[in-house]
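Novice: With the hints as extra help, turn the sequences into a complete structure.
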Amino acid sequence: MRPFVTGVDRLGTLVLGLLLLAIGVGFLAWAVVQIDNATVLTAPGLATAAGSAWWPWATAAAGVVFVPLGMRWLLSRGPAERPRPLTLPGSDRTGRLTADLKSLASAAADQLSSHPAVRSAKGSAIIDRGAPSIQLKATASSAETLAEAVHAADDIATTATGMLGDAIVVRTRLHVDTKRRAERRLA
Amino acid sequence: MTTTDLAPGGADRTPDQWEGGDHDRSTALPAAAPVAPLAASYLGALCGIALVALGVVGIRDGIVAAGWINGRLWTRMTVDWIDGQTFHGWMVPVGIIAALLGLLCVVLALKPRRKRAVALSARSSIYLELSDAARLAAAAARSVPGVVDANARARRRQITVRARTTGADPAEQRAAVSGAVTDALAPLTDPPRVKVRVSTGGRR
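Top to bottom, those sequences are chains G and R.
Sequential numbering from 1 applies to the first sequence in the numbering used here.
Sequential numbering from 1 applies to the second sequence in the numbering used here.
Take these hints with a grain of salt, some might be off.
As the list claims (entries may be wrong) - In silico lysine-lysine, DSS-like type, Cα no more than 30 Å apart, as pairs:
#	chain 1	residue 1	chain 2	residue 2
1	R	K115	G	K122
2	R	K111	R	K195
3	G	K137	R	K115
4	R	K195	G	K102
5	R	K115	R	K195
6	G	K137	R	K195
7	G	K122	G	K137
8	G	K102	G	K122
9	G	K137	G	K102
10	G	K102	R	K115
What the hints contain is simulated information worked out from the structure, not anything from laboratory work.
On a predicted model such as this, the values are computed, not experimentally measured, just so you know.
Specialist: What follows is the structure, encoded as structure tokens:
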């Protein structure tokens, strides 16, 4: 999820929380201070405004703004943003060199899964917290081969980063299949 | 202008190109640790729905005012209900619930996203999920002679292992389990503290 969307979610939740807190505290304060039912809540300004002829037009105008804004807010939480092809150094007016991060992630995963210490691997390219990144998810064959799997993933990640320079980051999430023990070969 | 795609079918890349070659480098740029989904995002979606609903009510009142449909203005009715409101008994429980929910929302809005993985010692950013660290610890504990069964719960700073043993020497077995788990978690950059609880009994 984009940092902007998470920020908006946090802000919206904070506003909702403060609103609920204000209503709750207001009700409780009302109960403590005036238990004799003598206090009447008045909102003369708001009542006058709501009685005006322009009120429904104002609410309609607000609605026209709120509906697309709310829809945009809801639709912004789709799947993770995919990075565009990365332009490589050496590009100039005569031509542009680009790297398809999705293909690179897939190739890296294929290479990683071919290692004996790794049972399976998947790769994807996403924008993670604003940065184009390659995500590798791999499962080590067993607990005993974890160190080997780490070494293999390390080689793949450093090679991928070396190919593309500092423009991308590679993150590997390693899982361990603890149900299997490492195969022991005698010869 | 021409465009050349690098690795459109990246799987065809030769092993030499992956395993070093001219492009290899000693370290990769650090990537951010995997984090749990933002709790506030669910409430954010709720706020989005509420905003759309408010907008629909506003537009509906505009349509009523235009005379396209019959009915009363809902927003005006709401304001009239608020204006002149007196205290009622239901306001106490509603107030308590609203205040608690509000407090929860504020906490969720400000709470940082929980990191759900621990870094492994490597040149690049390699992470092990906390659940996998727990599985690793439990498997290591089960491999200790005399341990009948074991399970583990992992947090970023501490792993708690509960082991059922045959009951030979609890202190010795605790030390053996602790040693095995510590060894299993050695590949972590910052291994969590290992806490072992041993109980005796072959079967439950």
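Novice: State for each hint whether it applies.
Specialist: We went through each hint and held it up to the structure:
At most 30 Å may separate the alpha-carbon atoms for a hinted pair to count; R:K115 and G:K122 meet this at roughly 21 Å. Annotation: proposed proximity of R:K111 to R:K195 holds, straight-line Cα distance about 27 Å (limit 30 Å). Annotation: proposed proximity of G:K137 to R:K115 holds, straight-line Cα distance about 17 Å (limit 30 Å). The hinted pair formed by R:K195 and G:K102 fails the criterion: a straight-line CA distance of about 42 Å is larger than 30 Å.
Straight-line distance between C-alpha atoms of R:K115 and R:K195 comes to about 21 Å, which keeps the hinted pair within the 30 Å bound. Between G:K137 and R:K195 the alpha-carbon distance is near 29 Å, which keeps this suggested pair within the 30 Å criterion. For the proposed pair G:K122 and G:K137, the alpha carbon gap of about 5 Å is at most 30 Å, so the pair holds. For the given pair, G:K102 sits about 11 Å from G:K122 by alpha-carbon distance, which is consistent with the 30 Å threshold.
This hinted pair checks out: G:K137 and G:K102 have alpha carbons roughly 14 Å apart, not beyond 30 Å. Between G:K102 and R:K115, the direct Cα distance comes to roughly 26 Å. Compliance with the 30 Å bound is thereby established for this hinted pair.
The structure is inconsistent with hint 4 alone, although it conforms to all the rest.
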